[in-house]
Every structure is written in C-alpha cells, then in structure tokens.
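S.K.: Using the sequences and the accompanying hints, generate a full structural model.
Here is how the chains run, residue by residue.
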Amino acid sequence: MARMTRRQFLKASGTGAGALAVTGLAGCASMGGEIDPKSSRRVLVVGGGWGGATAAKYVRAADSSIEVVLLEPNRKFVSCPFSNLVLSGVRALGSLTFSYNGLRESGVTVRHEAATALEPDARRVRVADGYLTYDRVIVAPGVDFLLDQVEGLAAAQHTVLHAWKAGPQTTELAKQLRAMPDGGVFVLTVPPVAYRCPPGPYERICQVAWYLKAKKPKSKLIVLDANQNIVSKTALFRAAWQAYPNIDYRASNKVVKVDAGAREVTTDFGDTVKYDVVNLIPPQRAGAIAVQADLVGPDKRWCEVDHVTYESLKHRNVHVVGDSTTGLPVPKSGTMANAMGKICASSVVHLLNGRPAPPIPPLNTCYSWVNDREAMAVVNAYKIENGKVVQIEQKLTPGQSTLYAQHAEGWAKSIWADVLGSGGPA
Amino acid sequence: MSRPAGRVLLAALAMLALAAPAAAGPMDQPGYAKAMTCSACHGVTGNSRSDAVPILAGMAPAYFKKAIEDYAAGTRPSAEMEPFAKQVKTLGVEELAAFFAGQSREATPVKAERAAVERGRLAATPCATCHGDAGQGGQGDPGNLGPAIAGQPAGYIRSQLLLFKADKRSPGDEPLTKMKSILKGIPDGTLGDVAAYYSSLR
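Here the protein sequences line up with chains A and B, keeping their order.
Numbering-wise, numbering that gives the first Met the number 0 puts 411 at position 412 of the first sequence, and it's gapless, one number per residue.
Numbering-wise, numbering that gives the first Met the number 0 puts 128 at position 129 of the second sequence, and it's gapless, one number per residue.
Just to be clear, a hint being listed does not mean it is correct.
What the hints assert, rightly or not - Partner residues aside, some chain A positions facing chain B, computed with beta carbon under 7 Å:
hint, residue
1, Lys253
2, Val255
3, Lys256
4, Pro355
5, Pro357
6, Asn370
7, Lys382
8, His406
9, Ser413
10, Ile414
Hint data in this document are derived by calculation from the structure and do not stem from the laboratory.
In this text, a Cβ means the ideal position worked out from N, Cα and C, and glycines have one as well.
M.R.: Shown next, in the form of structure tokens:
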C-alpha cells in the first residue's frame, strides 16, 4: 500500500470510494476559487443515485426559478435493483443502465465530477478545480465499504468482489461465476446490519443457487451470514430455498479475514472456509463525504436527519437522503431513497420560499426475484406522528409468483422513469 | 404597443416577479405533496406506464375512495396496496382523490395485440351497460359507479376481471353481483381479450 502511486490508489478505491480517495488528497489538490457562480437560488445535490437524482428532478419540477446542480462522477446510472439477475444471466447489465439525459431535459445541470469536500459553514462544496456555492445542499452519497473490518480485503479488493454497487463489479462477478468449475464452492458473505438493501443478499443467494442448479449441478453455495438469521422476508426466503438443496446457509458466521492466495475466508469463531469464488459483501457506512463533512452521528457510520425535512441534525442547510441516513424505521432501499428524494425536494423548495415544509411520510416496496420468473415483495406504510416517521404496517406477499414478477417489472419501469425522467436505457 | 407603455408593462412584470418569487408551481396544487410518493409505481401525476399498475389520473373520486376503503379492509386483495391504502387514509383520502381526478389521463403506452382487441370487442357487448360504449364509465352519474376503463393497461384490467370472476374482489357488494355472474360464464382467455380491447380504446 505504501508503494502505491496516486493513480493506483484512485483506481483501487473504485467508484464507490472515489469521494474518499479524493478527500484524502484534498490537502495537495489545487485549492481553486469559485466556479460557476450562482445567478439565482441554488440547490446542490451530491450523488446521482436513487435519492439524489430523484431530489434533483423534483426540486426543479417544483420551482423552476431554483437552479439545481447535480454532482455525480459516474456518466451512467446503473440500477442496483434487478442487478442480482445479471449474476444468473437472466438480465443484461445494459438493460439496467441509463443516461442522465432525462435529468438534463428537466433542467438539472449535471456535472460528472466528484464532490471532494463539503463545507457547511461556508455553504460550499469542493470539486477538483475549485468550489460551488449553494443555498441548500442535498447529500445522497449512498454507502461506502469498511474494508478494514475484514483483514486482507483492502489488498485483495480487485479479485475479492462485493458487486454491491451495480456496475463493473457486477459484470466481473458474473464472469467469475461462469468460469467456476462444476463441483466448485461459491462463498457468499452477508455483512452485519445495517447495510444497503436488507433482502439483497438473500435474493442474490437465490440467483446464484438457481444458476448453479441449472449449469453447475455438482457445485455448492456456502452462505456465511454475520446476522443471527435471514434479515428480511425470512419465511419467504426459507420457502424459496426449498428449491435449492445446493445452499449451505450458516447464520452467525461473521467473516473477519480473507486470504485471496489460499482462497479461504475466516470467521470470528476462527473457522476457515475454502472457496473457488467468493462474493464478500463488506460492512458499510454512509458515503465518505458524509463522514468528511461531520454529518454522521455517534456511531460514526450513518447520518441522523429530521424526519420531515431530511435536514441534517448536525449542520443547517444540509439535507441527507437515502441509504446513508439512520433513525427512521425504514429499510435502505431504492424505493425508500426515491421517496425520501421527493419529500426532501418538497421540503427544500418550501423552506427556500419561506414556507413550512408539509409533513409527508415515505413508503417502501421491495421486490425480490427467487428464480428466473418468480418474485415476492415486502411493503411498508408509514405516517408522521409528532414529527417522527412511524410505521403503520409491514406486509409480505403471501408467497412467490409470476404475478409478483410482473409487478416487479412494472415497478422497475415506473420508478426508473420517476428517478431519472424520460431517459431510456443508455 | 408604444414604447413607454411597453416599459411600464415590463416594470410591472418585474415588480410582480419580485413580489412573488415563489411562482405557483405544481407544489401549490392541493394534494400534490401527498400524492408525490405514489408516483414510484403509478407514474408522475398518476399516469402509470406499466402493464400491471392502474392509471389514477382522471379517476372519478367516488371510485378512488371506494378502492382505498376496499384495499385497506382487505376486501380488494393486494399485498402491495393494502398497507398503502392505510397510509392514504391517514394522509386524507379526499385530497388525494381530488388530486388524481384533476390530472389529465394519458392512455397506457403498452400496446395490445390487434387480434385480441378484435375478439375482445365482440365479447365486451354486455360491459357497455355500466362502462359505456367507449369504456368511458358512468362519468359521475351517482347511479353508475362503473369506472372509465378505456386506456387502462390490459394486464391490470385482466387481473381485476379474474378477481371479480372468482369473487375475491369486493365479495357481497350488491352492485357487482350482475357483473360477477356474467363473468362466470366467460373463459379466462376471453377475459384477456376483453382487457386488451378496453386498453386499446381512447
């Protein structure tokens, strides 16, 4: 690591940790002046995922006199929901990849660069060549990985993949799975809560097991789950796994070490498990800029926000939406980030116009694919009581079915358009 | 217009702009903020673009309210909508019903198969009593709650016809008795054709 060049370091950090990497170098980066000075009231949005892209679009839609600038280093939006289907070969990553043109058509200025630092007192965000000022900023940095919590992971991160941000790693993990010999062992590790997409690892287990059953019937899938039980849709996943005798599920097995040379992982009990292919989903926290800007709470991982406005409890005029938030009784899901993005946009526009923000509760629906043609769902409804989000009800579909798979397809089509505007697949 | 008059007008416009920096946008429509989260599945302004999810734009308020009541009570079965209907009730069903009723409906972009549409046209004759010759529904007639189904997505219409046929949607509702007895005599495949036909109407 000490001998790593800056270029290697940036590359090694990957897109997910990109903001962190640049932040670490902020001291030696050029401290340029203000770029693109604002001509009217401006809302800056940091991060163009589900929450940030939605927020940018909805601020602009609500009040076109407000300038909206979105900072997102990636040129394309790749949907995490449905990306587990790329591992099983049921879907192509291209069908989950979208341009940001729909946002541009909505009047959002999209800048493909990383926010390197947020300075709440000066109301400005640093980028590589200088800084941009704002009236209010919406921070939607998603999650970053705590690589140092798994010994050996930082050094092995090019081959030991998470594929927990849809993109190049998704394609690469699918390749590793295809190349695995029949009779091989695929090890999938689930991090301790809280992490992005609670049912995601279990849907992925279904997809990998479905693929192995069809294409490599002598192979096995060992799941090492840091949690005591399946975190989400527990009974439904248990039922779905009846179709997959190739799954060896081991609860309360937290992976603390990986040795890519010996191809083995070690649990906190000291057990070692050999693998042919490993998918190590690391422990997570809010995206790096949230940590840099002191938005995270006492746990040093997640951001506490007001339940109505999504304004940070630590800094004024800074709002946080999506997976990086904590304190609301809600899952870290795409639907939730989309709902938060809209509600936060409404709040920001009301506040900028000197009006109180209306209290709007979020909602959640989350589909999981259990094979190539059936899905199931969990739904959460909420209300706002005394300024706090309170769950009214959580409901599961009675089982898995092709009907829910059709609903899942319909949901995806609708929500991708809701997040990104009219931009079709890239 | 003379030049001075133009200047006065410009000045007046400028003053107006200063006095009201918050131009009336969509957020000032009653119900907009409450309806915002529905768009994840039902589309912006309630114009669903998916085959499985109904279009809410232009829906008669009485029909909307009954749907919410039935979903919340579980008498209109939907794992997804049951919790959300309860959420709508806490938000205020009247305001949401009025908001969606006030949006202009855009027919589904999902194309129906032409042959199915033609078969469905012949089979749909008995439906016109309540749903109108062009699927326009009762249009506010208090004696006819039949919804406007023209341009709704075929997948959604079909799924509802199957629920009615099996008496799983709104069991015991007197106004639906006749429709359910008619549906019992129609094969499932033909119901798909009827759905295709109504989805094709504009």
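S.K.: Would the hint on Lys256 (chain A) be counted as holding, given a Cβ-Cβ threshold of 7 Å to chain B?
M.R.: violated, 40 Å
S.K.: Hold the hint about Lys382 (chain A) up to the distance rule: shortest CB distance to chain B must be less than 7 Å.
M.R.: holds, 4 Å
S.K.: Checking hints one by one. Is Pro357 (chain A) an interface residue toward chain B, by the C-beta closer than 7 Å rule?
M.R.: Nearest chain B Cβ about 5 Å off; hint holds.
S.K.: Does the CB of His406 (chain A) sit less than 7 Å away from some CB of chain B?
M.R.: holds, 5 Å
S.K.: Given Lys253 (chain A) as an interface hint, is its Cβ closer than 7 Å to any Cβ of chain B?
M.R.: violated, 33 Å
S.K.: Any CB of chain B closer than 7 Å to the CB of Ser413 (chain A)?
M.R.: Given a least distance of 5 Å, the restraint on Ser413 (chain A) holds.
S.K.: Mind checking the CB of Ile414 (chain A) against every CB in chain B and telling me if the closest is under 7 Å?
M.R.: Given a least distance of 5 Å, the restraint on Ile414 (chain A) holds.
S.K.: Next item in the hint list is Asn370 (chain A). Is there a CB on chain B closer than 7 Å to its CB?
M.R.: violated, 19 Å
S.K.: Hold the hint about Pro355 (chain A) up to the distance rule: shortest CB distance to chain B must be less than 7 Å.
M.R.: Result: violated, 12 Å to nearest chain B Cβ.
S.K.: Closer than 7 Å between Cβ atoms is the bar; does Val255 (chain A) clear it against chain B? Give me holds or violated.
M.R.: violated, 38 Å
In this structure, the earlier hints numbered 1, 2, 3, 4 and 6 are contradicted, and the remaining ones agree with it.
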